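The residues making up each chain are set out below.
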Amino acid sequence: MQFGIFTVGDVTADPTTGRTPSEHERIKATVAIAKKAEEVGLDVFAVGEHHNPPFIASNPTATLAYIGAQTERIILSTSTTLITTTDPVLIAEDYAKLQHLVDGRLDLMMGRGNTGPVYPWFGKDIRDGIPLAVENYALLHRLWREDVVNWEGRFRTPLEGYTSTPRPLDGVPPFVWHGSIRSPEIAEQAAYYGDGFFHNHIFWPPLHSARMVALYRQRFEHYGHGSADQAIVGLGGQVFMRKNSQDAIDEFRPYFDNAPVYGHGPSLEDFTEQTPLTVGSPQQVIERTLGFREYVGDYQRQLFLMDHAGLPLKTVLEQLDLLGEEVVPVLRKEFEALRPAHVPEGPTHAARVAAASDPAQPSTSEEVSA
Amino acid sequence: MTRLVVVTAGLSNPSSTRILADQLAAAAVSSLEAAGRAVDVEVVELRDLAHAITDNLLTGFPAGALADAVASVAAADAVIAVTPVFSASYSGLFKSFFDVLDADALDGTPVLMAGTAGTPRHSLVLEHALRPLFSYLHAAPLPTAVFAASEDFGSRGLSDRVERAAGELTDAVLRRRQLHAVDPYEDVTPFEQLLNG
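Line by line, the protein sequences give chains A and B. Position 127 (the first sequence) corresponds to 127 in the working numbering; numbering is contiguous. Position 134 (the second sequence) corresponds to 134 in the working numbering; numbering is contiguous.
Among the hints, erroneous ones may be present.
[What the hints assert, rightly or not] Which residues of chain A face chain B? A partial, calculated answer using Cβ under 8 Å:
hint, residue
1, 131
2, 134
3, 138
4, 150
5, 151
6, 155
7, 168
8, 188
9, 203
10, 211
11, 262
12, 266
Derived by calculation from the structure, the hints in this document are not laboratory data. Nothing here was measured: the structure is a model prediction, and the numbers come from that model. No residue lacks a Cβ here, since even glycine has one placed at the ideal position from N, Cα and C.
The following block holds chain A by itself, in its conformation from the complex (with noise of 0.2 Å):
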């Protein structure tokens, strides 16, 4: 099981000091973080991409080559990529050059965006979401698999004799995840490929996800990429932690009241009880999630929402401590037990290198779908 953190980038003011930090210092903060994550031995640190305010969001792969000249060990990943409105032909290249630059720690979610206009900014119309992140990731999974692509769809100019560089490392393409809150046909997309599912499962009833989850493991089974316990499933997860739960509620719930998203809406207590956000000691935070595979079943990779909502960094840089400390490595301890050996754990790059030169393994998404 991996365990890291995911951030969207939000420029948001610090509701209990009024103090809106700068884009600058965001910027650097979400570095300082990623940095942070590893020091306390998480697995993996993402990235949003937005393209409006308040968010810094935009040009991932800069910020994480940035983040991967610094660190040795922690997987880079995307939460997410915009599969919908950025050019497959530039997320091969950019991703395949992070991809050598950080020695394979990388992989990639693809998702739709956040907001309307992001369609018209970038030239497409929403209303072709789920066609365009259909055929943008059929050129993109062609163009890391395939030397030469000749391609011609309805989105772009067409491919003839095109080659796109530099290819994949070790001749195996990044893991890809598709994230969707609700979609099915992004969990059928996902399934298809022998890919990984994300949910995000923040600010919302776990039902979703729930159902989100069999469907993909269930289609993910019926395209022959192993049996539905297989599947490679990763949540998202919220947490405020202190010592003391009543601590954690209280310096906790100014920033809640006002959040974007959900601010100024819901109790905090209702929306704990409603979604799967868990403000309290460490080990409630333990309880909750162990909870999460009663209605997923074993899954591979747990991320935290830890920076947003206008949270100054120092506290985030605590909760870090928090969840490196005393979260994860019982999390890690508990997962690890209950999970039977035919699952999988989750993807590293090592592991598919071995496997694409092992026949006996299972299939992931190298040989299924061209």
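Chain A is already provided as a structure; the job is to place chain B on it using the hints.
Chain B alone, transformed into the frame defined by chain A:
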């Protein structure tokens, strides 16, 4: 079993909107039973869900009793929707409830529209505000909409309109094709079909 859901947006207690809703429900039950249908009636009082509706607008999902009400409306064979007239239209609470339903929740559902107001001058609100709303939602609004100003609660004309609307509701329920509700998690589109656009 015919599932009849009554959505009523009155705010006071007692509420003339609720009184009208109850009259319409009773007339619809009699009419449906006379046509041989057993009827299950559920009343959704939006006042009780007002906080949850606001939360849903902010979070994007219904919680608790609102989730149950949303599911009931989506599963209804017919809906009676009654609003007070506020500032020349449906009340904000009434509209907000229909705003948080899934886009296809009322597909083909017969809807008996009704409204109350202090003055008969508002009577066309049902035609220029509610009817377009339910048409947009692909519901099947009945030809007769029942408007009651305060003075109508003492007149025979109101109960005649209630009877006529109840009859139209029964006809619409009997005519309604039993739509197979498509569950996107059960009837997934195969990927090859998605790839071929």
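A quick look at each hint next to the structure:
1. 131: holds, 6 Å
2. 134: holds, 5 Å
3. 138: At 6 Å from the nearest chain B Cβ, residue 138/A passes the 8 Å test, so the hint holds.
4. 150: violated, 17 Å
5. 151: Violated, because the Cβ-Cβ distance from residue 151/A to chain B comes to roughly 13 Å (cut-off 8 Å).
6. 155: Check failed: Cβ of residue 155/A comes no nearer than 10 Å to chain B, outside 8 Å.
7. 168: Violated, because the Cβ-Cβ distance from residue 168/A to chain B comes to roughly 22 Å (cut-off 8 Å).
8. 188: holds, 5 Å
9. 203: With a minimum Cβ separation of about 7 Å from chain B (threshold 8 Å), the hint on residue 203/A holds.
10. 211: holds, 5 Å
11. 262: holds, 5 Å
12. 266: holds, 4 Å
In this structure, the earlier hints numbered 4, 5, 6 and 7 are contradicted, and the remaining ones agree with it.
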